[in-house]
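Could you slot chain B with the ligands onto chain A? The hints should help.
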Amino acid sequence: MTTDALLAITVVWGFVFIYAVMATMDFGAGFWSMVYINKERTNATNIANRYLSPTWEVTNVFIVAIVVALFSFFPGATFILGTVLLIPGSIILLLLAIRSGFLVFSHYSKSGYGKLLTYVSGISGFIIPAILLLVLPITHGGFIEVIDGAHQLQLDKLFTSPNAYAFSGFAVTSTLFLSSLLLSDYSNVANEPEAYKVYRRDALIVGPLSLVMGFLIMLTLRNEANWIYTNMMEYLPFLIGSVAMFLIAGGALFLPSQKDKRKLGRPRLAVVAVVAQYLLASYAYGRAHLPYMLYPDVTIQDGFTHPNTFHAVFITYIVGFLILFPGFFYFWRLFMKDKRYLDQKES
Amino acid sequence: MDDLVLARSLFGTTMGFHIIFASLGVGLPLMILIAELLFQKTKDPDYAVMAKRWTKGQAVLLGVAIPTGTIAGVQLALLWPGFMEVIGRVMALPFQIEIYAFFVEALFMSIYVYAADRISPRMRIVSVSLVLIGAAASAILITNVHAFEGTPAGFRIENGEIVDVDPWAAFFNPSFIVTAGHVVVSAFMTGAFVIASIAAYKMLRNMKNERLYKFHRKALMMGLIVGGIFSFLTALNGHESAQMLHEYQPEKLAAAEGLFETQRYAPLAVGGFTDRETQEVKWGIEIPWALSFLADNSFKTEVIGLNDFPEEYWPPLFVHTLFNAMVGIGSLLILLSMIGFFWYKILKRPHFPKWLLVLFVPSGILSMLAIEFGWIFACTGRQPWVIYRLLKTEDVVTASGQIGTLFILFTLVYVILGLAVILVLVYYFKRNPVEKELDKPGDGVSVY
Ligand code: HDD
Ligand code: HEM
Ligand code: HEM
Numbered sequence: 053m054t055t056d057a058l059l060a061i062t063v064v065w066g067f068v069f070i071y072a073v074m075a076t077m078d079f080g081a082g083f084w085s086m087v088y089i090n091k092e093r094t095n096a097t098n099i100a101n102r103y104l105s106p107t108w109e110v111t112n113v114f115i116v117a118i119v120v121a122l123f124s125f126f127p128g129a130t131f132i133l134g135t136v137l138l139i140p141g142s143i144i145l146l147l148l149a150i151r152s153g154f155l156v157f158s159h160y161s162k163s164g165y166g167k168l169l170t171y172v173s174g175i176s177g178f179i180i181p182a183i184l185l186l187v188l189p190i191t192h193g194g195f196i197e198v199i200d201g202a203h204q205l206q207l208d209k210l211f212t213s214p215n216a217y218a219f220s221g222f223a224v225t226s227t228l229f230l231s232s233l234l235l236s237d238y239s240n241v242a243n244e245p246e247a248y249k250v251y252r253r254d255a256l257i258v259g260p261l262s263l264v265m266g267f268l269i270m271l272t273l274r275n276e277a278n279w280i281y282t283n284m285m286e287y288l289p290f291l292i293g294s295v296a297m298f299l300i301a302g303g304a305l306f307l308p309s310q311k312d313k314r315k316l317g318r319p320r321l322a323v324v325a326v327v328a329q330y331l332l333a334s335y336a337y338g339r340a341h342l343p344y345m346l347y348p349d350v351t352i353q354d355g356f357t358h359p360n361t362f363h364a365v366f367i368t369y370i371v372g373f374l375i376l377f378p379g380f381f382y383f384w385r386l387f388m389k390d391k392r393y394l395d396q397k398e399s
Numbered sequence: 067m068d069d070l071v072l073a074r075s076l077f078g079t080t081m082g083f084h085i086i087f088a089s090l091g092v093g094l095p096l097m098i099l100i101a102e103l104l105f106q107k108t109k110d111p112d113y114a115v116m117a118k119r120w121t122k123g124q125a126v127l128l129g130v131a132i133p134t135g136t137i138a139g140v141q142l143a144l145l146w147p148g149f150m151e152v153i154g155r156v157m158a159l160p161f162q163i164e165i166y167a168f169f170v171e172a173l174f175m176s177i178y179v180y181a182a183d184r185i186s187p188r189m190r191i192v193s194v195s196l197v198l199i200g201a202a203a204s205a206i207l208i209t210n211v212h213a214f215e216g217t218p219a220g221f222r223i224e225n226g227e228i229v230d231v232d233p234w235a236a237f238f239n240p241s242f243i244v245t246a247g248h249v250v251v252s253a254f255m256t257g258a259f260v261i262a263s264i265a266a267y268k269m270l271r272n273m274k275n276e277r278l279y280k281f282h283r284k285a286l287m288m289g290l291i292v293g294g295i296f297s298f299l300t301a302l303n304g305h306e307s308a309q310m311l312h313e314y315q316p317e318k319l320a321a322a323e324g325l326f327e328t329q330r331y332a333p334l335a336v337g338g339f340t341d342r343e344t345q346e347v348k349w350g351i352e353i354p355w356a357l358s359f360l361a362d363n364s365f366k367t368e369v370i371g372l373n374d375f376p377e378e379y380w381p382p383l384f385v386h387t388l389f390n391a392m393v394g395i396g397s398l399l400i401l402l403s404m405i406g407f408f409w410y411k412i413l414k415r416p417h418f419p420k421w422l423l424v425l426f427v428p429s430g431i432l433s434m435l436a437i438e439f440g441w442i443f444a445c446t447g448r449q450p451w452v453i454y455r456l457l458k459t460e461d462v463v464t465a466s467g468q469i470g471t472l473f474i475l476f477t478l479v480y481v482i483l484g485l486a487v488i489l490v491l492v493y494y495f496k497r498n499p500v501e502k503e504l505d506k507p508g509d510g511v512s513v514y
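From first to last, the protein sequence lines are chains A and B.
Quick note: to get this note's numbering, add 52 to the position in the first sequence (first position is 1).
Quick note: to get this note's numbering, add 66 to the position in the second sequence (first position is 1).
Ranges of calculated distance between the beta carbons of each label pair, as one might list FRET restraints:
(1) A/366 <-> B/229: 17 to 23 Å
(2) A/388 <-> B/474: 38 to 44 Å
(3) A/384 <-> B/336: 52 to 58 Å
(4) B/108 <-> A/380: 30 to 36 Å
(5) B/68 <-> A/275: 39 to 45 Å
(6) A/363 <-> B/352: 51 to 57 Å
(7) B/187 <-> A/267: 53 to 59 Å
(8) A/366 <-> B/330: 47 to 53 Å
(9) A/380 <-> B/365: 53 to 59 Å
(10) A/303 <-> B/461: 57 to 63 Å
I should point out that these hints are in silico values taken from the structure, not numbers from a laboratory.
Note that the structure is a prediction, hence the values are computed from the model and not measured.
Just so you know, even glycine gets a beta-carbon here, dropped at the ideal spot from N, CA and C.
Pulled out of the complex, with its shape left as it was, chain A reads as follows (with noise of 0.2 Å):
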């Protein structure tokens, strides 16, 4: 591996991690928002839109963000990925198109047509994570086939893996649970006490079967993909402390608040916990994952482009980056920290 396909794999994997992140709360927002849509008096639908209408549209760009980057920093895996993944990455498509276009028109419409379209929205997006993570076990190698010289992709293998079943089970299950924890954090910082409520009773009970799910993914992954299995205990450190994260922040939910001792939790360092717990696991996932794109067939180095290019495209994320984030701060204040914003009665 030279330091240049290994840079510029970090740089997708951290586009991966922060889409996972932002993912998981936007279609976690979506699906809440659908659930507590006739509970109006818990507020807990409108603090979910006060946190999506601003964010979706900038949590979008990341996936284009990883595609580009893929293809760009990789283009000699491009042609099996891309034929790999004709039809799921289609059917992704499709929902997503359907739960953004959706998303949009619920907010313009009036209230009976309004729900109809929050159902549609909610119940794509909660699907998508599902098929969106089947991405990984494919790239673990064993639902390939040379046909014809042309990789095919087994979907019936697919969908008789019980790993594939456990990393969807872990997508849905995670998503709820980021999505709820950073909601109750979002409606305590907008003084919202009901929302407040219905949102770490939602992260108690999601939290524990998402852990579930991610010990299942361990045990599956062990007879159906060893060798990233034996590569991941290697980082076993990075795996307990992912753990470790995990009870910190079911212990913060028992925490008195720092508002109101009477009151229980403290949303804010469960959040923090919890991408800590996030960003530790991705990272043992993505160092035994290496030097693999595709197990057996792409390494990150034969795949990778050419080395002007890379070196061109390196610096545009330099420029990019510094023009950026002045922007992405102002957002940020305009929306996670204005009591103004956050603090409104009506949405």
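The following block gives chain B with the ligands in isolation, referenced to the frame of chain A:
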């Protein structure tokens, strides 16, 4: 049908659908910015109302623009993996920079829509300007990839290997500036005429209501003036695009004009249909010498005809019709906007005759059609090449099959989204008519 034809149909449908919303995503922010600026200058609250309502419309359109664009981006890699392999090695820069443009657009669009009441008028204008810059930049950058397909630069292929890669030379390929310019000015023109269309329609419906009539007349004049300026620029720049073809893709120009024999003093064929058998344009009008002049500003210029190329390299001949339709619409809209301007600003007649308003109504749709025709002409006219003279479309298509089913599914989703977006817009603006927003007490800023 084979997979190649299906993949081409699927990708063409995706792009044809995306471009509607993408062009409005470039054109409407310009109109919103102008309305904001006019409001700050004249303090006439009507302009604030316009900016607000157009922003609402644009925010709904984004719900389709963004997912279809995402589809386009991912589909490029899914359907044409061989093409993206080359692009990844040589022409990754525009895609990469486009991501930053998307971020600028997305961040400031949200700020403009959801924080407008909390930021100062100056910050509002800065925000719309950044939305406009982001949207125009994404159009310029993605068009650059298309330009590169027609005039590739910055690499060589030696024994099947890509060598001598110079990503910036690829970025500044010969047709970049002209092509990107054409796309941006035509998008500005389209946004303006769409506004003019709606305004003209509303004026027809409100002939008796002086207040509403005046409001929509302001929007109409804005649309006609901006549309007129940019349709003129589109035509000027289109002329340069044609000269670019003359230099770099002569068989495309020959197909666009239905010219078979290479000649000096070549005639320009307007209208009609190209006939492959008899090698002539049937039912067309010939303007002697004009094509030579268009191609290189001199009647003596030799224009190469299709017969100088092997027939397998000929683009499909129906592009002649598409090209004519695009140019025809462009010329018609220049004329229309000049008539409107003359009537209102020179003759100073406050009321437009009905027939004139009726003529203005279809201008937005016509402009959008010109964009569709132009793209189908440009992409289909490149066939059989995906990268001109270097890479054939049939060699880059995916080998995974099942494309027919996907074609049906994607088309279905586009139909659903297309219908839904129209219904949402119609009902939203029905429930919130302009009447409710006009003449509200207050300084006008609080309309947000
Ligand atoms: C409102 C839309 C519109 C209008 C009125 C025009 N065009 Fe156009 N044209 C486009 C919208 C467009 C486009 C959709 O934006 C295209 C497709 C690809 C491109 O680069 O721009 C295009 C392509 C395009 C091309 C092909 C470029 C290529 O193949 O790479 C040429 C030669 C012209 N145009 C020339 C003209 C001329 C001489 C016009 C005279 C009025 C004209 N266009 C009006
Ligand atoms: C947005 C407006 C566009 C429309 C309506 C459009 C239309 C089409 C159509 C109809 C085809 C099929 C061509 C055929 O096989 O006959 C096609 C193919 C293609 N277009 Fe475009 N296109 C657009 C923009 C672009 C842009 C901006 C790019 C570059 C990034 C591009 C790249 C391609 C590629 C790679 C193909 C497939 C290979 C090929 O057929 O050459 N298109 N497009
Ligand atoms: C020349 C034709 C095209 C133009 C003028 C154009 C322009 C735009 C604009 C202005 C937007 C932003 C939409 C908005 O916010 O209003 C957009 C979105 C998008 N376009 Fe296109 N586009 C074109 C073709 C393409 C092609 C060929 C691709 C694929 C490679 C593509 C990929 C995207 C993506 C991924 C998005 C969504 C970005 C996001 O997630 O925010 N576009 N396009």
